[in-house]
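A.B. asks: Got chain A sorted already, so can you dock chain B onto it with the hints?
Protein sequences, first through last, are from chains A and B. At position 361 of the first sequence (counting the first as 1) the number is 361 in our numbering, and the numbers step up by one without a gap. Plus 412 on top of the position in the second sequence (first one is 1) and you've got our numbering.
No farther apart than 20 Å at their CA atoms in a straight line, the calculated lysine to aspartate or glutamate pairs in the EDC-like style are these: (1) A:Lys43 - B:Asp472; (2) A:Lys43 - B:Asp463; (3) A:Lys80 - A:Asp298.
Where chain A lies over chain B, by a calculated footprint (3+ residues, C-beta under 8 Å): (4) 504-511; (5) 638-651; (6) 680-694.
The set of hints was computed from the structure by calculation and includes no laboratory data. Here a beta-carbon is modelled for each residue, glycine too, at the ideal position from N, C-alpha and C.
Protein chains: 2
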Amino acid sequence: MSLSLPDCREMDSADPLARHRDAFALPERIIYLDGNSLGALPKLAAQRVHDVISRQWGQDLIKSWNLHDWIGAPARVGGKIARLIGAKPNEVMAADSTSLNVFKTLHAALRLRPDRRIILSDEANFPTDLYMAQGLAELLGSSHEIRIVPLDRIATALTEEIAVLMLTEVDYRTGRLHDMAALTKAAHDKRAIALWDLAHSAGAFPVDLNGCGADFAVGCGYKYLNGGPGAPAFIFVAERWHDTAEQPLFGWMGHEAPFAFDLDYRPRPGIHRFLVGTPPILSLTALEAGLDLFADVDLADLRRKSGALGDLFIALVEQELPGSGLVLASPRKAAERGSQVSFRHPEGYPIMQALIARGVIGDFRAPDILRFGLAPLYVSFADIWNAVAHLKAVMAGMEWQRPEFRRRAAVT
Amino acid sequence: MSLSLPDCREMDSADPLARHRDAFALPERIIYLDGNSLGALPKLAAQRVHDVISRQWGQDLIKSWNLHDWIGAPARVGGKIARLIGAKPNEVMAADSTSLNVFKTLHAALRLRPDRRIILSDEANFPTDLYMAQGLAELLGSSHEIRIVPLDRIATALTEEIAVLMLTEVDYRTGRLHDMAALTKAAHDKRAIALWDLAHSAGAFPVDLNGCGADFAVGCGYKYLNGGPGAPAFIFVAERWHDTAEQPLFGWMGHEAPFAFDLDYRPRPGIHRFLVGTPPILSLTALEAGLDLFADVDLADLRRKSGALGDLFIALVEQELPGSGLVLASPRKAAERGSQVSFRHPEGYPIMQALIARGVIGDFRAPDILRFGLAPLYVSFADIWNAVAHLKAVMAGMEWQRPEFRRRAAVT
Chain A
1 MSLSLPDCRE MDSADPLARH RDAFALPERI IYLDGNSLGA LPKLAAQRVH
51 DVISRQWGQD LIKSWNLHDW IGAPARVGGK IARLIGAKPN EVMAADSTSL
101 NVFKTLHAAL RLRPDRRIIL SDEANFPTDL YMAQGLAELL GSSHEIRIVP
151 LDRIATALTE EIAVLMLTEV DYRTGRLHDM AALTKAAHDK RAIALWDLAH
201 SAGAFPVDLN GCGADFAVGC GYKYLNGGPG APAFIFVAER WHDTAEQPLF
251 GWMGHEAPFA FDLDYRPRPG IHRFLVGTPP ILSLTALEAG LDLFADVDLA
301 DLRRKSGALG DLFIALVEQE LPGSGLVLAS PRKAAERGSQ VSFRHPEGYP
351 IMQALIARGV IGDFRAPDIL RFGLAPLYVS FADIWNAVAH LKAVMAGMEW
401 QRPEFRRRAA VT
Chain B
413 MSLSLPDCRE MDSADPLARH RDAFALPERI IYLDGNSLGA LPKLAAQRVH
463 DVISRQWGQD LIKSWNLHDW IGAPARVGGK IARLIGAKPN EVMAADSTSL
513 NVFKTLHAAL RLRPDRRIIL SDEANFPTDL YMAQGLAELL GSSHEIRIVP
563 LDRIATALTE EIAVLMLTEV DYRTGRLHDM AALTKAAHDK RAIALWDLAH
613 SAGAFPVDLN GCGADFAVGC GYKYLNGGPG APAFIFVAER WHDTAEQPLF
663 GWMGHEAPFA FDLDYRPRPG IHRFLVGTPP ILSLTALEAG LDLFADVDLA
713 DLRRKSGALG DLFIALVEQE LPGSGLVLAS PRKAAERGSQ VSFRHPEGYP
763 IMQALIARGV IGDFRAPDIL RFGLAPLYVS FADIWNAVAH LKAVMAGMEW
813 QRPEFRRRAA VT
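Bound conformation, chain A alone:
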């Protein structure tokens, strides 16, 4: 039985998250399937940032650090992320970039296993995580090693030598989802520390860090949390490590008494020691607005819808574009996917440019991946129908062969 646009509209009518779409300022005639690269603009973010600039910065000036609790923003925003990732509010801070948070948590993790030297990761990890590990390993001296194995070899590579298992839960190219509970347990069985990057998880579906026993985690503010371009990232440290975990970026915001201006560093107890410099208030404000949109969202609805959107996308591509050469790169089972679907095609780059020219915005990841992010708060089932209709037109009309679609941009 074939799927139709009315079927998709019916799914939208039954969607408990459909009402959230109006909270976003989506452009007209655009189908936005790139929320895994930059989340859409929450209308609330524009209002809040305007208020913070005009009233707080402009009128209350320096007093705002106390008056509007700017100083508490990293912990307050972190506390709002906590619910989405299965953490306690006092275990999460919004701060710095994902890269820097990898550095901090990875170092803390290595310090907890001083007798071991190997960081284990997989080939599908996001490069900046691996780069930060390389930089840290060089800094610590030659005896540390980053061991990068193919995806299916992690379990066998987890030996008693491993200090830290560092993985990104969702593969940024294929959307394949790691089994966080099983891998964390496998790491712990070998006394390794488990560090998770939730860049493509937080805000897309519920994560259960504490349920899985994760030790450390980091993640991104500008993808499914809709925090705006270059939004602050987040950092999670399990409460059981709060007394012992240490990171080497000794900034005044991690000091026990930042405004005592002592000459010696004394780390503040708990998660605060993972802060470094002065928090970026404008960016934190936009991120907090994005998070406030999740306040009344049932996280089980997020999971159901992100799976259903992906299932629909896959089914429609197979129904509407048989023989197109598009090969599914994502797991077929929703339970094994994050909130995206990806397809491989040798002409992936120009195909994606042709789609973008039609107003369907996904992105391309080398060498051949067309990637479609499915943000459950603002993507509709009808969007998926229309996106696949455009994809069908691009392929049928060979639109991607036009020379202008082959030009590479600085950012892809």
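C.D. replies: Okay, now just chain B, sitting in the frame of chain A:
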């Protein structure tokens, strides 16, 4: 001959920078002398951030990385800072926090002197710089040492053992200005690397990093550059070190080809390798607006006015408040001061709170410093008259004795 309010108004009439005041959204009935803690709001910043949020993020979404050159923002904004600090545009990046930039530059500097182990600084340096050095020294192993000496002992402490001389040009408490040219030369005479923190310099008066031969520098975006609360900081690496300087925070934005998604880190040539994670676009936008206000400012005017404002403040306190117990903590000579004046008083904290209650906003630094920042772009000579008149009233009426002025806030 005594100074009067009409004298001050005459100085304002003759001030070539007076026309810039209107570019800032200053609150009514407030005299803002805390621009060395948080610069005032440029009206342009509110407009620009609104545009970036509503049009670029909201409408152009992910395409803005190319379309509006978000990806080029750290270098573009850095290039605008360069003129203010005597650097070439390709030597400066806007990125991360001052603390993190200390970590990066200090590590790069230490790598250039592998045969040496000592970082030399003074007691007046800002604590977070010293903390970051402590964290880095711990990370590198026990053989590195941070040697902190009294201000007047730096020259004698500069020996052939010193790897890096790390100083903040302007003392955040007293406003005392280091002689950058002489100290950089003294460091180089001993083959030490010179690293300068320009937190209280950039935007307050012209700095001449290349004229002084400085090797590395860092500085703050939210003070005299008026970039907004927690604005990105900046980092300077002298061109002669571009081929050899290395920093250990290997993030994808420092990679030669960030969007090739290679698994191995290869640093991009030049200053770009000092970038780490995704740049915070909203915060960079506000900072860039602040910098654009300097485009037609003659930097010699900045220096003349910041000196004259301080001279006036000192003269008026001595004229209007004899025997008040306020002791000048700043150098008396303008050429030896940054753009602030500070006074000591045992009751400094409640005195400052009483002043703030009257709308004169300076700040307090432990143990006994009243600090007044004099941002030359928006502080007038009449402001100084009025500030001192309020200070006189606070002291004459013993207003500071009220209990509410003794309560300490989280941020001071």
